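Peer 1: Listed below are the residues making up each chain.
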Amino acid sequence: MTYFAKLCIEGLRYNKVRSFLTGLGVLVGVGSVVLILALTTSLSAHLGNQSTDRFTVGLSSSAEANADVVAALATAPMSARVEAVRLRPDVSAVEVETPGRTLSVTSPDGSTMADLRCAFDDNVEVVEGRPFSEATGNVAIMYANPEFRESTQVGSVIGIDGAAFTVIGLTQNLGPDGSTRLFLPQRAAEHVQLTEAQASSSFTVIVRQPEDLAETRADVLAQLNDGIDASLKFVDFSAEEGAMLEEMFQTLGLFLGLIASISLAVAALNIVNVMYISTLERADEIAIYRSLGMTRNHVRGLFLMESLVVVTTFALVGCVVGYLIAAVILTLVKVPLAFGWTTIGLLLLVVLLVGAGGGLYPANKAAGIDPVRLLH
Amino acid sequence: MISLNGVDKTYRGRNFEVAALRSLSLAVPQGQYLSVVGKSGSGKSSLMKIIGLLDFDYEGVYELSGRSLRGVGDQALSQARRRIGYVFQDFQLVSRFTVRRNLEIASVIRHGSVDAAQVAQGLEDVGLADKALSYPDELSGGQKQRVAIARAMLGGPDLLIADEPTGALDGATASAILDLLADIHQRHDCSILVVTHDDEVAAAAERTVELVAGEVVRDVLR
Ligand SMILES: Nc1ncnc2c1ncn2[C@@H]1O[C@H](COP(=O)(O)OP(=O)(O)OP(=O)(O)O)[C@@H](O)[C@H]1O
Ligand SMILES: [Mg+2]
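Each protein sequence line maps, in turn, to chains U and F.
Per my numbering, the very first residue in the first sequence carries number 22; after that it's consecutive.
Per my numbering, the very first residue in the second sequence carries number 812; after that it's consecutive.
Since the hints were derived computationally from the structure, they do not count as laboratory data.
Simulated restraints on C-beta separations:
id	chain 1	residue 1	chain 2	residue 2	range
1	F	R833	U	G378	45 to 51 angstroms
2	U	A304	F	V883	22 to 28 angstroms
3	F	D948	U	H397	18 to 24 angstroms
4	F	D948	U	A348	47 to 53 angstroms
5	U	V338	F	E870	52 to 58 angstroms
6	U	L275	F	L944	54 to 60 angstroms
7	U	N385	F	R833	33 to 39 angstroms
Treat the numbers as computed from the prediction; the structure is a model and nothing was measured.
Every residue, glycine too, gets a C-beta built ideally from N, C-alpha and C.
Work out the full structure, taking the sequences as your base and the hints as a guide.
Peer 2: Written out as structure tokens, the structure is:
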């Protein structure tokens, strides 16, 4: 048996470069499969784990729901419900988006920009035009929104509560809540009335014990939906988000995995090709072994072993290489590597089967070589 | 030991049909040194393929040690081939292995393991103990044929078949190979079948059979 192994190694050394290149194909194939598997599983696991201590719930209304009911629920009862959730012993905090204040503005072309988030700030910096310190009267500074270059220009006049305001500058400042689109000087606060923005209909719940997340989520949803109008329903937004992300990653992984599998299949074909050529080239050698009394099964085994040795060694190296590259990439993006060894084991099994399958045809060819060719 | 009875061998192709052997009968007792002569195409190699268990596509009866091996399984056939040594005109050594390695492979195929003492003795017997680590390409034609004979004789086969063993060698080297065969014949109880064109080679054997167009036309026992 040991001599059999030696013969097999000698067979591989017969054409080292070719054996190496064949193996390289296997390496690349297995390596890319491992890389893709490691990256997609780690990333989706990471995204799944990211929100282990929190979830987002929100109001979902059916299309036929009465707008008044929605509006009513979205203000007073909403805050009461949020407050009730905040007081739960298993909840450590509730984050509600800061509502902010808004204003309806008539733009120069006569159209109305409703619910524009507005703030009074004398010191807002401009990227174009003049700041408030250099102007008097009814003046405004607008957010330099590239999409509204036409309507929001320095010098255009907008209408607020029937009064005309001149836009003296453009800013890239979005204000304290990150969504302010219109700035007025402090002195304008005397005659301009801002409206409280409608409360956001979704909020994030942070639980005390991450391991109780699922339980708390179910309880909170039940609590929120208790006694609510039949056309309304609180749902878990984060779950939907997670499911979407997971689906996306699965599709991506499947697609990339398919490509990697193709390279693996090409590698398998290459094994068939190379081993077949090797069989042809070593026909005399095989004939000598047969004339000396080597059985057909031994010849077959010898060639099969050659294929398997190449496939296994390079597949193992490919696993390691793919794993290392994945580890490096994941370290760079600061995502922990989460990759099951069972997956690698399964993959190696598949690769071994592929190697054996690919080696079978040439091995059978080799076993079929007739020693009679040595006599002329 | 070897017994052929009315053996016909015909090569058939799409547009040809060659009768290589015609109802050939031949008996070779154990230990006999036989030479087979004949013109090119007379059927010498065809006869050796059948006797050497390499060709079973013939009509008639061929028995080796009282047993026909036609139709037996690969296992039994391989077993039987391990008792036959072949020497080919073009040596047929594996060129990427050393001389010793070539013999070791034969040893492992025949006995399942390397019999190092036997390999060393085999090289000693053909006078090439000092070439054990050389590669076939580093040897002369005569030396290569000695290695081939050593390989064929490994494990003491019952039958040694040599098809034109001196065909690729010059006169002096050929005589040395003949001496080696004679020496083997003296020391081993093994039948030797030598195919040759050369009268000198033929005369070295105890018995000479001449073939013409697949038939035995002369059978001389010295
Ligand atoms: N594989 C084959 N296919 C077709 N015809 C063959 C084959 N082998 C041999 N023959 C034919 O059979 C006849 C006998 O051939 P064989 O090889 O036995 O002759 P030989 O005596 O060994 O000749 P040589 O001295 O040239 O080696 C020849 O006519 C040859 O052409
Ligand atoms: Mg011939």
